[in-house]
Structures are given as C-alpha cells and as structure tokens.
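Q: Here is what each chain is made of, one letter per residue.
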Amino acid sequence: DGGITQSPKYLFRKEGQNVTLSCEQNLNHDAMYWYRQDPGQGLRLIYYSQIVNDFQKGDIAEGYSVSREKKESFPLTVTSAQKNPTAFYLCASVQGPSYNEQFFGPGTRLTVL
Amino acid sequence: RKEVEQDPGPFNVPEGATVAFNCTYSNSASQSFFWYRQDCRKEPKLLMSVYSSGNEDGRFTAQLNRASQYISLLIRDSKLSDSATYLCVLYGGYQKVTFGTGTKLQVIP
Chain B
52 DGGITQSPKY LFRKEGQNVT LSCEQNLNHD AMYWYRQDPG QGLRLIYYSQ
102 IVNDFQKGDI AEGYSVSREK KESFPLTVTS AQKNPTAFYL CASVQGPSYN
152 EQFFGPGTRL TVL
Chain S
99 RKEVEQDPGP FNVPEGATVA FNCTYSNSAS QSFFWYRQDC RKEPKLLMSV
149 YSSGNEDGRF TAQLNRASQY ISLLIRDSKL SDSATYLCVL YGGYQKVTFG
199 TGTKLQVIP
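Taken in order, these protein sequences are the chains called B and S.
Oh and the first sequence: position 77 is 128 in our numbering, straight run, nothing missing.
Oh and the second sequence: position 109 is 207 in our numbering, straight run, nothing missing.
Excised from the complex, chain B in its bound form (with noise of 0.2 Å):
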C-alpha cells in the first residue's frame, strides 16, 4: 500500500544532543513538508520542499535542518540550537502543484529529557 511513514514513532532525546526524524513516502508525490504541533496550537511549518535537492524554510526553521536526497525520503533534524523540542512532528506530502490534499504520516512524538 502506498502511503508516508515515519520514524521513530516516540523519540526520548538528551538535551545538547542532535536527533535525526525520518519520514518516507512511496507516493510519487513531489512536494513534502515538515510540520510541528504543539498542545494548544495549529500545525506550523518547519520546512518544506518542492522537488530534489531543494527545500525552502518554514515560519519556525531555526534550530531544525533538512536535507532532500532522493524524492522519497525527506529526514529532519533536530539540532541542539532548537530551544523547545519538545513536540508533535508531522511529515506530509502533496502530489504536485495542482493537487491540494496534504497526507499525513503517523508522526513522531519528541520528548527532550
């Protein structure tokens, strides 16, 4: 079945530490993006990418890095500079530019010991 994963599901991480999220698609979509949700607040938008090679940054960028390899793989990483990781995250992907409808990974919950 088609669909968008991602990994790990919980994630306990030392502060000070760097961790890496993966999200997965075998959608042949093009665009994918990475979202965090806090308790209380909409999702809000880290980075996204339109195509390979290419990722543009989100409202809340600073202390998060991404890279865009291959079309199907889209990995975050939470860096040390990120002040309150501590979080929902959520990878989407869109099938292209005339196509609306976001899908949903099942997303990695962060907890920042």
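Just to be clear, a hint being listed does not mean it is correct.
[As the list claims (entries may be wrong)] Partial list, derived from the structure: chain S residues whose beta carbon lies under 7 Å from chain B:
#1 Leu144
#2 Tyr189
#3 Gly198
[Stated by the list, open to error] To give an idea of the chain B side of the interface with chain S (calculated C-beta under 7 Å), a few residues:
#4 Ala82
#5 Gln92
#6 Gly93
#7 Gln101
#8 Leu141
#9 Asn151
#10 Glu152
#11 Phe155
#12 Pro157
[Said to hold, decoys possible] Simulated pairs of lysine to any residue, SDA-like, Cα-Cα distance not exceeding 25 Å:
#13 S/Lys100 to B/Gly109
#14 B/Lys60 to S/Leu144
#15 B/Lys108 to S/Lys143
#16 S/Lys140 to S/Ser130
#17 S/Lys194 to B/Ala112
#18 S/Lys143 to S/Lys194
#19 S/Lys100 to B/Pro90
#20 B/Lys108 to B/Asn79
#21 S/Lys194 to B/Glu120
#22 S/Lys202 to B/Glu152
#23 B/Lys122 to S/Tyr189
#24 S/Lys140 to B/Val163
#25 S/Lys194 to B/Phe139
#26 B/Lys60 to B/Gly114
#27 S/Lys143 to B/Thr137
#28 S/Lys140 to B/Asn135
#29 S/Lys202 to B/Gln92
#30 B/Lys108 to S/Gln129
#31 S/Lys143 to S/Asn125
#32 S/Lys100 to B/Asp89
#33 B/Lys122 to S/Gly190
#34 B/Lys108 to B/Glu75
#35 B/Lys60 to S/Lys143
#36 S/Lys140 to B/Thr71
#37 B/Lys60 to S/Arg139
#38 S/Lys140 to B/Gly91
#39 S/Lys143 to B/Tyr150
#40 S/Lys194 to B/Arg119
Hint data in this document are derived by calculation from the structure and do not stem from the laboratory.
This structure is a prediction, so every number in the text was calculated from the model and none was measured.
Note that beta-carbon positions come from the ideal geometry of N, C-alpha and C, so glycine has one too.
On the provided structure of chain B, position chain S as indicated by the hints.
A: Structure of chain S alone, referenced to chain B:
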C-alpha cells in the same frame, strides 16, 4: 488578527444531534479550503474540501462564504465515532498552507 480562527470547544453533543463549526480567515487570497479530522495523538486526515457551492458527503456538509471570509462544517446525526478535533485548512500554494488550531467535538452517548 490570526490568519485562521476556530473556536477550540469542546463541543459536547448527544448522539444524533446536529452540530456546526465555523472557521474565519483573514487572507482573502486563500485559494482552497479544507476540513481535516484529527483523532487524539494521531495525524490529521482529510475530511472534505470546501467549495462556495457547498459540498456534502453523507452526514457532513461544508460551505465557504468568501464575502464574510469563513468556512463551516455541519455534522448531522452525530455518532460517537465523530468525536475528534476538526481542523480547518487554507491553501494558498505550496508555501502557504495554514492550519487552524482545531475545534474539539465530543459526542456523548
């Protein structure tokens, strides 16, 4: 003013009731509008698109009012399984996707 505003709720309604949510937006350039459903600790999933002419899917009806800049979602004959948070989403291109904070619905037996 926030780009998208939703009443956070919770809306507590009995089974079989009709319930309606509104979502107001400030960016008149928004191109497309959607309602997503998000269950607790899960990812959002598309419920339905919203058109000016209205969009109905079974017990769910969505409406867009561009003049007053709001979208609405009506749920008839509420089921226990409808309990979730409903997010309104505005799409203005790849880089401009705005999510509301969601309205929580709790259907009570």
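Q: Holds or violated: the hint that B/Ala82 contacts chain S, with Cβ atoms closer than 7 Å.
A: Hint on B/Ala82: holds, closest Cβ of chain S at ~6 Å, below 7 Å.
Q: Just to be careful, I want the Cα atoms of B/Lys60 and S/Lys143 compared with a cutoff of 25 Å; is the pair within it?
A: 18 Å, holds
Q: Take a quick look at whether S/Lys194 and B/Glu120 sit within 25 Å of each other, Cα to Cα.
A: 23 Å, holds
Q: Does B/Asp89 lie within 25 Å of S/Lys100 when you go C-alpha to C-alpha?
A: The given pair, whose Cα atoms are some 17 Å apart, holds under the 25 Å limit.
Q: Holds or violated: B/Lys108 and S/Gln129, Cα atoms, limit 25 Å.
A: Holds: B/Lys108 and S/Gln129 sit about 21 Å apart, inside 25 Å.
Q: Given a cut of 7 Å on the nearest C-beta pair, is the interface hint for B/Pro157 held or broken against chain S?
A: 5 Å, holds
Q: Does the alpha-carbon distance linking S/Lys194 and B/Ala112 stay inside the 25 Å limit?
A: 15 Å, holds
Q: Given the proposed pairing of S/Lys100 with B/Gly109, does the C-alpha separation stay at or below 25 Å?
A: Holds. S/Lys100 to B/Gly109 sits at ~17 Å (cutoff 25 Å).
Q: Run the distance test for S/Lys143 versus S/Asn125: straight-line Cα separation, threshold 25 Å.
A: The given pair, whose Cα atoms are some 23 Å apart, holds under the 25 Å limit.
Q: Are B/Lys60 and S/Arg139 close enough, with their CA atoms no more than 25 Å apart?
A: 11 Å, holds
Q: Assess, step by step, whether the Cα of S/Lys143 is no farther than 25 Å from the Cα of B/Thr137, and give holds or violated.
A: Holds: S/Lys143 and B/Thr137 sit about 23 Å apart, inside 25 Å.
Q: Would you mind confirming whether the straight-line C-alpha gap from S/Lys140 to S/Ser130 stays at or under 25 Å?
A: 24 Å, holds
Of the hints listed earlier, there is not a single one the structure fails to meet.
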